[in-house]
Structure formats: C-alpha cells, structure tokens
Amino acid sequence: MQPTIANTNFKTEPYQINMGPQHPATHGVLNLLLTIDGEIIKKVEPDLGYIHRSIEKMCERDSYQQIVHLTDRMDYLSSNINNEAVCLAVENALQLEIPERVKVIRTIIGELTRISSHCLWWGVMGMDVGALTTYFYGFRDREMLNDIFEETCGARLTMNYNVPGGLMLDIHPNFVKRVKKFVAHFKTKIPEYDRLLTDNVIFQKRTKGVGILSKEDAISFGVTGPVGRASGYSCDVRKYHPYSALDKVTFKECLKTEGDTFARYQVRIMELWESLSIVEQLIDNIPEGEHRVATNAVIKLPKGEYYQKVETARGELGVYIISTGTKNPYRLKFRSPGFSNLSALNHMAVGGKIGDLVATMATLDLVIPDIDR
Amino acid sequence: MNKSLSILTNIHDWLFSIMPEGVASIVEMVLIGVAYLGFFAIAGLFLVLLERRVAAWFQLRIGPNRVGYLGLLQTMADALKLVSKELTGTIKADKFLYNLAPYFVIVSSLMALAVFPFTKEIQAFDINIGVFFLIAISSIGVIGILIGGWASNNKFALIGAMRSGVQTISYELSIGLSLLTMILITGSLQLSEIVEVQKSGWLIVQGHVPAIIAFMIYMIAGTAETNRAPFDMVEAESELGAGFHTEYSGMKFAYFFLAEFINMFIIAAIATTIFFGAWLSPFGITESIPWLGVFWFMGKALILVFLMMWFRWTFPRLRVDQLLTLEWKYLLPINLVNILIMALIVWLNLTIKF
Amino acid sequence: MTNEALQQLIGSWFPNPEVDEIPQIIENLETSEVLEENVESSKPINPSLLEFTEEGSQFLSILVQPEHLYALMNQLKLNKQTHFDYLFCLSGVDWGEELGVVYHLESTTHRHSIVVNVKTKNRENPNFDSICDIWRTAEFHEREAFDFFGIKFNNHPNLKRLFLTEDWEGFPLRKDYVDEINMVIK
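Chains as they are written, first to last, in the numbering used here: chain G, 987 to 1359; chain Y, 536 to 889; chain P, 837 to 1022.
So that you can see chain G by itself, here it is in the shape it has in the complex:
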C-alpha cells in the first residue's frame, strides 16, 4: 500500500518580533528586534534612542560645574563615579592639587556606589530568571546605603556630591559610624545571597554555558567591566590607571575564564567582596583637611584634549574633552561602557533560546540611559 504523501512543502520565513520598549526584562527602554526560528534566535538588533537626551550637545553650551549635574543622569546607578570622572578630568586639566581627604572620601563613596549598583543588579537578575524574592532582598540592602547617602550627600540617586575642586560639603559626622555598621551587616548578607541563588541547581542550569564570549571577542568588541573580566580580559581601570585613592588600597581583580553567564554572575559577587574590603581599608583613616579647593567661578580649561577613565559598576567610562580655552568645552564625548557591552549582545545571543537571551541580558547589566545619553 502506498503511503499518502502529505504536502510538507511549507515555506519557512524568519519570524521577527519586538521585545520592548516597555518590557520587564530589558532594564530600561530598549527595543530589541529579534529574528527567531521557533525558539532559536537568529539575529538580535537593538533599536536605541528612546531616552536620548542629547547630553553631549548640552555639554557644549554648559559650564563645567553644570556638566557634572548632567553626568549622573546617564548611568544613574553609579552616579557618584560618573561625577568623579568629569571632576577628575577638569582637575587634571587645570592641574589642581586635590587634598588627600577628598581623594579618600571620593573612593569610599565610589565603592559604596558600586556595592549599591551590584545589589540592585543581583535583585533584578534573580527576578529575570524567575526567583521573584531576590528583588526585595537586594533592595533591602540598597536602602541602607541610600539612607547613608541621603544623610551625607542630600540625595538618594543622583547625588552631585563632587564638584571640580573637591566635594560640595564635608561628610556628615555620622558617616563613618554608619558605613562601618553597613559593612558588618552586609558581610552576613552575601553568604545569604549565595545560598539563595548561586548554589541553586536550577539557576546554575539556566546560566552555565549560556551566552559565551571569548577573550578575543571581548577585546574586539571593547567590552569592559565585569563582563570583560569574566571572559579573562584583565581590564580593571582601577588597577591600570588608578585615580583618587585607589593606588593606596590593595584589592584583587576578579577574573574568570569561562565567559558564560554564570562566570559574569560570579565576577560581580566577587566584586562585592572586594569593594567591601576597599571600604574597610579606608574608612578608619580618613585624613583631615579641606574638603574643597577653590577654583575660579568661571572655569576655563587650557587649550587641548583631555581624557579621563574611571571604572563604573558597568565598565570603563571615558570622558573626552576638547577645549579651545573658552568656558564651555568645544566637544565632550562620553565613552559609555553599556554602549560597547550592548554591541556584543548579538554575538552572544545568536544560536541560543529566548530564555537564554533574558539571562544573558540580565548579566550584561545594561542601564539604557547610559547607552542613549
């Protein structure tokens, strides 16, 4: 008996769907155009610009003190470090002598900001893979830090504590005590994070072997920060181009070689420990002195080009200023870490499933205003 031959000559087309811009998994307004074949992803194309505020054009007409206020709206989770970048660029250009006290406080607050950003990252990472409780635990610890910042800097998210020349105000008398209490508290919490998520079999199966980025690709794509370090690329700006008080502290650079999502996760958890250790080394010995060096009311940088690199929680932030001697920069460019990290997303996600894309994006730790500026 002849078997009936069904017509299986279906034409298959790639299927394009939109992920975003309003979407719980894409931290911010990011539109991803996915081309999928069943469950496998064929191409990921990011569509940016939903929160583009032309910060670089605004910087061309603002004074240098005003530019500092624009920077913490870029990567709002490491706002202090962004402010520090512009202040350092201006101070190095003017060749100002910054007091030791300012440097140490800037480093402490920078590391606390990094811890706060990683706490939020951990909470959101758990939420993206489905463990909905981690969000609250991450925020509980971030609240303690926000309260410390509020007492000293006056704001919880966009702090603007740094000015070219130093700090706007001296630290609050309670600062040292509260930071010590926080460090002691947080040291008991990170093992809790490990028990909840890192050692969980389901989480490891979701993240091991997913979204692999090799070291050569990481360097070629310009991927820095924890993402680059998880692929074995040693790129910590705090080690190679130290700024503020970072050359006085000892800390390890956290490197892993696998380059998959689980490695990126582990690198950030290790960074939490390292940041805590930096804060501990500095908090007891804040030198006395001025909290601010006087500058002119109207700052004019000498003619030339200046580049300052700092390490934010996401990677290497670069501030490139071209000045012609006037009171506004001729051109100011921010080299944002998220921009380069996002360009590697297509390379990492192709061939995997949609669930893997969500896990990979969670470990890239993108903040879209940082990318869109």
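Mixed in with the good hints, there may be bad ones.
[Claimed, not checked] Pairs of lysine-lysine residues, derived as BS3-like cross-links and limited to a Cα-Cα distance of at most 30 Å, are as follows:
#1 P:K988 / G:K1043
#2 G:K1173 / G:K1238
#3 G:K1225 / P:K913
#4 G:K1191 / G:K1201
#5 P:K988 / P:K957
#6 Y:K864 / G:K1194
#7 P:K1011 / G:K1286
#8 Y:K690 / G:K1028
#9 P:K913 / G:K1242
#10 P:K1011 / P:K955
#11 P:K1011 / G:K1289
#12 G:K1191 / G:K1028
#13 G:K1339 / Y:K690
#14 P:K996 / G:K1043
#15 G:K1191 / G:K1175
#16 P:K988 / G:K1029
#17 Y:K734 / Y:K690
#18 G:K1028 / P:K996
#19 G:K1163 / G:K1234
#20 P:K957 / G:K1289
#21 P:K913 / G:K1201
#22 G:K1238 / G:K1167
#23 G:K1167 / G:K1234
#24 G:K1242 / G:K1043
#25 G:K1339 / P:K996
#26 P:K1011 / G:K1313
#27 P:K913 / P:K955
#28 G:K1286 / G:K1043
#29 Y:K690 / G:K1191
#30 G:K1043 / P:K957
#31 P:K996 / P:K955
#32 G:K1028 / P:K988
#33 P:K916 / G:K1201
#34 G:K1173 / G:K1242
#35 P:K955 / G:K1286
#36 G:K1339 / Y:K864
#37 G:K1194 / G:K1028
#38 Y:K864 / G:K1191
#39 G:K1238 / G:K1166
If you are wondering where the hints come from, they were derived from the structure by calculation, not from laboratory data.
For this one, chain G is given, so just place chains Y and P on it according to the hints.
Chains Y and P only, in chain G's frame:
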C-alpha cells in the same frame, strides 16, 4: 459532636419525607452541588489571599491587610472589580469556543473536588474507581487551555497554550505512576477504602522508602501540572504575551485564575488523601471526635499548599526544554524503578504497619 | 613602548616620498644669502606622511590622511610591537571647517595608548574607510558618528541612524546645526 454530623442525615430524611423519591434525590444533588460551589468560591478567595500573604512574608513585607480584618475581604473586592470589567474579545475569535474554554477548567476542578473524603460521612461521590476518576478528570482541564489559546486568534496565545498543553500532558504521566505506586499497598482505587487502610499507619509511613520517593516525584509533577513556578515559563514568558489567557479579561480571566488556585488545592488534597491519611489524626488521638476530621484534612492540605507556594517564591524558572527533559529523562525512569521496588516490598511484606 | 619609539616605528611605515629632495636643499646651502632665506622659510621636512604631535594631549597623537587610514589601523593592530587591540573611543568632531574622527587606541599587552586623527574638508559628503573588521566595537560607534555628524564609512555592514529616527533631517552635533524648536541657546 456526633449530633452535628447527624444533621446531614436529618436533612436527607426530611427531604425524602416531603417529596417523592426521584424529586428528593434531585433536590439533594442540587443542594450538594450548590454547597460545593460555595466551597469552591470561598476556598478560591481564601487561597488567593493566602498566596499574597505568604509571598509578602517571604519578601519582607506585609501584604494586604487593610480591606477587612487581616485583609480577609481583599479578594472579595478584587472579584467585584473583575466582575465590573468589560469583557473584551478579538474580532476574528471563534466566539463559541472562546466562551466555552474557561468552563472546561472550572468543571474539571469542581468534579475533582467531589470525590475527596473530608471526613467519614462527608464525601459527595464515593466511586469505586476513585483515583482513576481523579486522574481522568484532571486531563479534561488541558482541553480548556488548548481551546482557550486557539480560540483567541492570537499567535502568542497559541504558542503559550501549546507549551502549556505539552507540559501538562507530560507531567500527568508522573502523577499517575506515583499514585499507582501507593495503590500497590492499598489494593483498591476507592478513596474511602484507601483511608480505611491508612488506619494502621499513614501510607507514607507504611511504604517508607519508595513511598517517600513517590511523594517527592508527586509534588514535583503536581507543581508542573498546575503551571506554577518553577515550571511557569509558559505564563511568565512575557516576551510572548501572558500565555494562553492573554485575550481574556474580566470574569473569564477570573475563572482561569481561580481554577489555577483550586487545582493547586486539589493536588494537595490528593496527596493528603493518598499519602497522609486524609481525615485521620496522627496516632488516632482524636478518633472519638469525628468532626475534627475536616480540620485534620484541611490542615494537612494547607501545609502542602504552603509548600507549593514556598517553591514558587524561592526557585528560578526552568527553561521549557529543561522542563521536558526533567520529566522524560529523569522522573519517568525513576518512577518506573520505584514501582518495581514498591511491588517487591509489598510482596515480601516489608511494609510498616501499626 | 615610549612615545618616541612609537613615533619612530609608526612613522617608518609611511615614509614621505618628498624625503628624497632633502639633499638638493643641503647642496644649495653653500651658496649666497639669498638661499638662506629659503632655508629659514622652508619647514623641516617630515620624514613620514603622518604628523605626530604630543602637545595639548596626554597621549601621542597621529594625524593621518583619509586614504592611508585603513592601512595604518590595520598595521597598528597586527604589528607585534604596537599591538593596539583595544579601541576604546571613537568620536566624531566638527572642527569648524573640517569634519574629523578621533580614534583612541590602547594595547592590552604593552599597555600603551595612542590617538589617531583623521580630517576631511568635504562637509557635503564626508567619508572615511570603516574599520569594523579590525575592531568590532566600531560597528556601533561609527553608526553613532554617522547619526550625529553625517560622516559616512565605506564598507560598513549596517550604516543607518542609531539614536535618531530614520526620517530625521540634519546632523545635530555639527556646529552649524539649527533647530528652532528643540535647541535652547543661552
């Protein structure tokens, strides 16, 4: 205490005395149906609130506690809100199937509720193929999901419904086999007989090692059956919409939602009946007060419900292919081997009896 | 490598063909003072086609002509002694009369940095060679430069606007960009 239970026999006799027999039995059935519907609604409302309070407790917050004492009227308020919503529908949706789908899931849940022995006298439908009936009825719920996804005329809802259907059908196998493992001890499918056998020790104690394995497999498979986390990739896959109930709104959505919670209760109730001795108290301490059987049953079932909620708020989600691998490559072979072990133990009379 | 060594090495890749004319000028030095004016007025001949400068910047800066850009970049990455494998900043700049691109490069093995400048006077239709195949990070950065300055890059795989919508007219970061509605001029 015995007087209260005799109320039911009094009502039964009174009905039969004032009406001819046929009508009386129909009226009795209607009354029982209404009582169970009421129980279904109230249990649903209570379970939703319980889930929210338990979730809040895990997440270091309080949960709803304003509406009514301890928030007890919260779900009532939510239900009222849902009733007042507009019932939207897509243009090209198949109207008949679209409206029919929620009823499939509700009917299957209600019918499953009918066979549970809440206490010795309170059991609506004591059929001699009890366990088989339960498994068969829960399969009808799948039809509701598939019809709902298809009739919405929405690509993403269809994909979600397909995934959900595949997941449910796969895990039904594990549920059936693990229940079968326990039937080897009792020798009967009838639920009241199963409870009788457990008077000499709960089945999980009688069957020691294979029974504990069967219970663990049953809890995993039961959580997957109701599409709850950590197996809820289907609903929480928000890139592809909200799963099969994307296009439902208002009361119809409430049906799906309630049915999910009642299904959770049913899974817990089945486990209570078969593994933990339904309304029997441990070591027979309150044997003389039959009324308390209801509280023992509900208490045990609620502990298992709490366990399922605990899973949801702790574990990450499994990917769809990992989910199916778990079932077909791990749970199924373990189950089959477990049945063999249990058969050996029963044959060699190695069960623990008190 | 120090800046002088880098300057020597990179300069030697693009020797200036005019260097051969130097002996002629030296011969003429022995004649009368009329030629002394020529000697004073003639500038020192650059041995290389590239212009190096270190003033006004903390890095060594190279100015290269657009036609040699791709070759220079390729050599900078492939040569084992320079090995600039990390492009950490690519910015478009509007220099007033010219449009240009500034590339900041760093080597992850030798840890030295360098800046490459390229300019063109063609404001209507500026284009340079794309270096996407050398450093893949350039894909997004060149799209951004195209979006804001209108600089086209030859052989770019996907040269479209990145941040602004497809139908936006004009190039905002140019100095002569005028927008009545959105720009606030102080």
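These are the hints, each one checked on the structure:
no., hint, verdict
1, P:K988 / G:K1043, "holds, 20 Å"
2, G:K1173 / G:K1238, "holds, 17 Å"
3, G:K1225 / P:K913, "holds, 23 Å"
4, G:K1191 / G:K1201, "holds, 23 Å"
5, P:K988 / P:K957, "holds, 14 Å"
6, Y:K864 / G:K1194, "holds, 20 Å"
7, P:K1011 / G:K1286, "holds, 20 Å"
8, Y:K690 / G:K1028, "holds, 19 Å"
9, P:K913 / G:K1242, "holds, 25 Å"
10, P:K1011 / P:K955, "holds, 16 Å"
11, P:K1011 / G:K1289, "holds, 18 Å"
12, G:K1191 / G:K1028, "holds, 22 Å"
13, G:K1339 / Y:K690, "holds, 18 Å"
14, P:K996 / G:K1043, "holds, 20 Å"
15, G:K1191 / G:K1175, "holds, 24 Å"
16, P:K988 / G:K1029, "holds, 24 Å"
17, Y:K734 / Y:K690, "violated, 52 Å"
18, G:K1028 / P:K996, "holds, 20 Å"
19, G:K1163 / G:K1234, "holds, 22 Å"
20, P:K957 / G:K1289, "holds, 22 Å"
21, P:K913 / G:K1201, "holds, 16 Å"
22, G:K1238 / G:K1167, "holds, 23 Å"
23, G:K1167 / G:K1234, "holds, 23 Å"
24, G:K1242 / G:K1043, "violated, 39 Å"
25, G:K1339 / P:K996, "holds, 27 Å"
26, P:K1011 / G:K1313, "holds, 17 Å"
27, P:K913 / P:K955, "holds, 21 Å"
28, G:K1286 / G:K1043, "holds, 18 Å"
29, Y:K690 / G:K1191, "holds, 29 Å"
30, G:K1043 / P:K957, "holds, 22 Å"
31, P:K996 / P:K955, "holds, 21 Å"
32, G:K1028 / P:K988, "holds, 28 Å"
33, P:K916 / G:K1201, "holds, 18 Å"
34, G:K1173 / G:K1242, "holds, 22 Å"
35, P:K955 / G:K1286, "holds, 26 Å"
36, G:K1339 / Y:K864, "holds, 21 Å"
37, G:K1194 / G:K1028, "holds, 21 Å"
38, Y:K864 / G:K1191, "holds, 16 Å"
39, G:K1238 / G:K1166, "holds, 21 Å"
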